[in-house]
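Residue numbers (my numbering), protein chains in the order written: chain A, 1 to 104; chain B, 1 to 491; chain C, 1 to 486.
Please note: incorrect hints may appear among the correct ones.
[Claimed, not checked] Computed Cβ-Cβ distance ranges for the label pairs, DEER-style:
hint, chain 1, residue 1, chain 2, residue 2, range
1, B, 372, C, 77, 15 to 21 Å
2, B, 372, A, 31, 56 to 62 Å
3, A, 14, C, 293, 47 to 53 Å
4, C, 292, B, 14, 55 to 61 Å
5, C, 315, B, 370, 38 to 44 Å
6, B, 98, C, 267, 32 to 38 Å
7, A, 42, B, 392, 34 to 40 Å
8, C, 77, A, 31, 44 to 50 Å
9, B, 413, A, 14, 50 to 56 Å
10, A, 42, B, 292, 35 to 41 Å
These are calculated hints, taken from the structure and not from any lab test. Cβ atoms here follow ideal geometry from the backbone N, Cα and C, with glycine treated the same way.
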Amino acid sequence: MQDGDGVPRAGSIALAELAHVSSLARLGLTAPELAKLAAQLELIVAAVGKLSGADISSVEATAQVGGLRNVTRADEVEDGLTAEQALSNAPVQAAGFLRVPAIQ
Amino acid sequence: MSLLEEPIRELGRRLRDGEISALELTEEALTRIEQLDGKLGAFLRTTPESARAAAMAADQRLRQDPAGSPILCGIPVAYKDVLCTAGVETTAGSQILRGFVPPYSATVVDRLSALGVVPLGKLNCDEFAMGSSNENSAYQATVNPWDQERVAGGSSGGSAVAAAARLACVTLGSDTGGSVRLPASFSGVVGVKPTYGRVSRYGLIAFASSLDQVGPLAKTVEDAALVMTAIAGHDARDSTSVAAPVDGFLGDLRSGVRGLRLGIPREYLEVGLDAQVRAVFEESVRTLEALGATTQEITLPTTEYALSAYYVIAPAEVSSNLARMDGVRFGPGAPDATTLRQAYEEARHRGFGEEVRRRVTLGTYALSSGYYDAYYLQAQKVRTLVAQDFDRAFAEVDAIISPTAPTTAFRLGERTDDPLAMYATDILTLPANLAGISGISVPAGFAAGLPVGLQVLGPYLGEATCFRVAQSFEDAVGVWRHMPPLAVAAS
Amino acid sequence: MASSPWEVVIGLEVHAQLLTKSKMFCSCRAQYLGLPPNSNTCPVCLGLPGALPVINAEGVRLTLRTALALNCEIPEFTKFDRKNYFYPDLPKGYQISQYDLPLSRNGWLEFEVEGRKVRGGITRVHLEEDTGTLHHSGEIQSSTCSLVDLNRAGVPLMEIVGEPDLRTPAEARGYLVALRQLLTYIGVNDGNMEEGSLRCDANISLRPVGTEALGVKVEVKNMNSFRSVQRALEHELGRQREVLDEGGRLPQETRGWSELEQRTVSQRSKEEAQEYRYFPEPDLPPLLISRAHVDEIRADLPELPTARRARFQNQYGLPEEQALLLTGRPADSSYFEEVVARGVTPQLAANWQLGDLQGLCNGANLEVETCKISPVAFSDLLRMVQSQEATAKVAKEILGRAFASGEEPAQLIHQEGLGQVSDAKEITVMVERALEQNRQAAADYKAGQDRALDRLVGAVMAMSKGRANAAMVNQLLRERLPRAGG
């Protein structure tokens, strides 16, 4: 839910919306966890809602500080990890592959 | 007196003169950890065997070429568990990385190893560095060495406590919104938040990539400056690393503050400062003025929005940075899951603690379609304003001073159920991360027996000024020699 | 048949791996085919905690090269973004890609379909990283687990998004053929659709003829040849037309082409569609592309296929069909031009390269540049044909032998004395003998049967083992066999 300016209002996080977000983030939150989080997030989002008070007309967004540009490397090959090293932390593996439940 | 109470410069002299050996120093550190850390909980794990091996190698190097050995050769150090260490378990204080043994080391770890330091082990922290009290570690609480009923501060709590209790000569932490400076202030040590890009992030398990910096925690300003000199500098493996020369950290250290202009942000004194913290700060201002600095009130008008902007930007980045914690390539995973979604959700639900879930949710929400402009974009614009505030201020002053935190260390459990109160702990530190500027927290005194830190903020790449002010101040107040009251555990 | 009330609208999204040495954001090899699983990774492309990406400058250069060849605009400012979603072949849980400020936009590609020139718009060409690969024992549907190989993860991948300008499956195919040719021409991609270094997805929808608004679009994936693109789209448009003709509605969805069943199968509906939560990649500073850099890359572009074909027609006087065939691949063109540069007439060179040499190559599954006949050897041989030192028949035989053995064809001719016989005395002797031994044929010819002369020429050629100058043989025979009234 949003007000006329398209800025979400305080107290606006629906449980269903939160469940969707939890699903996107693969957090597997249970219903009681979602309920508790909803209450907390509402407070946080309300506090964050303060942002809409800042005067940002004619302000550029900052994604990074320092102003670096064009940081690249030459196209050269270096040795990486062995297959054994690559798999050394894997919880499940099979025949040199990482194994996961089938994609569907 | 323990050898570990000596500054690095003095230890270095004694190591070179052959008065002590690195192995002796290391054994003493390991013994202290064994005796004291049971209650403090600073270390998640120690690596005594590799420490002894490193110490013996350092001793050989010192014997062969005493004059040519680096100043840090043979010095016992320890790393926050968000720094990858090849062959040594690295968990970031999270269950989701339990058992993860990185096949590579962070650049800062490699640089220090090349100088012959002796790594003692890995230090506790809030899970993925998210927290201000160190109560969010999945493994253990780290308590304040000055009052064990109180928090160490976070997220680099283990790093601060290990430095404060002299379990290591110096430690490394990471600072995303104050995570080095805050625990340094709470535990009574020096903590450095370098300019964004000054120190390589390669091998630092990311919290918020555009805010994170690795910094040292040490008992003295010079110890911190020595380590900063060693770890700072361009790294081709971190594209956000700055190719600026690393100089002046040590050279200008004792140039004094006479003639320096120090700004005191009006807004920083209006955040509900504890009266005793305010008193210590006012005393600090008088000290600096007595040393010849001039002080003036300045204004950083966007301060009221900085916290909100931070709590959009940092969670947004973390929601993406932690997506790789999926239980496929590392971590316990969910080997019994039968569907892919179940595998992801089980691994991540089991693996993440409450604060991490909260921030990942918040960040995912802020980046979701429909909210991006209202939250993320708006926060990035506020970020621009915060940086412009500092730019204007540094046109008038050489450095900015304030308390590091509004209060001293609070009681364990006091803020765990109130995320907003916990977040507000960082109100004085996080603007520097949003702007990417340099900062340091230096012990200033005590309030009701608890350490209070003075924060010195310098401009972009202005570490030398921070160190210089902090050193002058440290020389004048001499608080660093105060040791926390630690009872050796009954054997 | 009444004209269909529906207009077909197709836009292609093509993914092309770039021919760099190393991956896009780390120093692992970009060539991953045939390696043991998970043996071509490092902390960066494995998505280990703490690892950071660094931009491969060559990946950027090759993308700009492509964008310029496709007549795109190159903005001065560009950046990478994170595209967030969970999938086992995506180690970091996000793909480094480009969202709102791609490396290039607003280009076009001209191609021909059934003799008609068509111009397809290019929305954008952007740069991203490839994913790992998933493997299954047996059919995907019945597998209980997927096996992940991350050797491919992080290989530079260019996405070329086409405008919905294509109106028939044949146009879609024509666009793709021309695009593949262009990419291989400028050396940015190997064009291998079967191995997946070039991949194509299509958006297809129908709308009532005469309207502008786009219909509900269906994305078709999993087409790994030109033929399957055309077939999948033909099938899909038939399916959509059927639903719409019956007054039904189409859901927005993603469908996969099943080569086995020759039909598209629903994979994902819009409700399940991903929400990618794009945001600027904080680990990579943006790129500023200077005009000087763009000019440099533009100046470095080779002649493009359309221009080269026109030049082959004009400069060498070749017919369109031969010009088209010789400019299909840069290697064919340069082979041809090298042969011509060594003094062979263009028409002879074209006939022999497209005829005999290509035939031999096809039989041996080789290309002209990989076969044992170098352009030098080929031109030496063709010059002997040109100067009549060797007959076409001998040259053809020798070419076949040299193709197999790698010997120098011209030398073979000399060694074995197979040079063409143009000595009038020698040929006269053989002609006399042929007339003696083939009296009937001589009589037939005199009686007006033209084809009888061929029998006599054949006899002389057989006597000379193919070396006799055929023109001289013809002439001498005609002199010996005067026809009444001739």
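To see whether the hints hold, each was checked on the structure:
Judged by the Cβ atoms, the range 15 to 21 Å given for residue 372 of chain B and residue 77 of chain C holds: they are separated by roughly 20 Å. Checking the proposed 56 to 62 Å range against residue 372 of chain B and residue 31 of chain A shows it is violated: the Cβ atoms sit about 28 Å from each other. Roughly 49 Å separates the CB atoms of residue 14 of chain A and residue 293 of chain C, a value that falls within the hinted 47 to 53 Å. Between residue 292 of chain C and residue 14 of chain B the Cβ separation comes to about 58 Å, which falls inside the hinted range of 55 to 61 Å.
Between residue 315 of chain C and residue 370 of chain B the beta carbon distance is about 59 Å. The supplied range of 38 to 44 Å is therefore violated. Between residue 98 of chain B and residue 267 of chain C the C-beta distance comes to about 36 Å, which sits within the given range of 32 to 38 Å. Separated by about 35 Å at the C-beta atoms, residue 42 of chain A and residue 392 of chain B satisfy the suggested range of 34 to 40 Å. Separated by about 46 Å at the C-beta atoms, residue 77 of chain C and residue 31 of chain A satisfy the suggested range of 44 to 50 Å.
In this structure the hint that residue 413 of chain B and residue 14 of chain A lie 50 to 56 Å apart at CB is violated, the actual value being about 31 Å. As the Cβ distance of residue 42 of chain A to residue 292 of chain B is approximately 51 Å, the hint placing it in 35 to 41 Å is violated.
Comparing the model with each earlier hint shows violations of hints 2, 5, 9 and 10; every other hint is respected.
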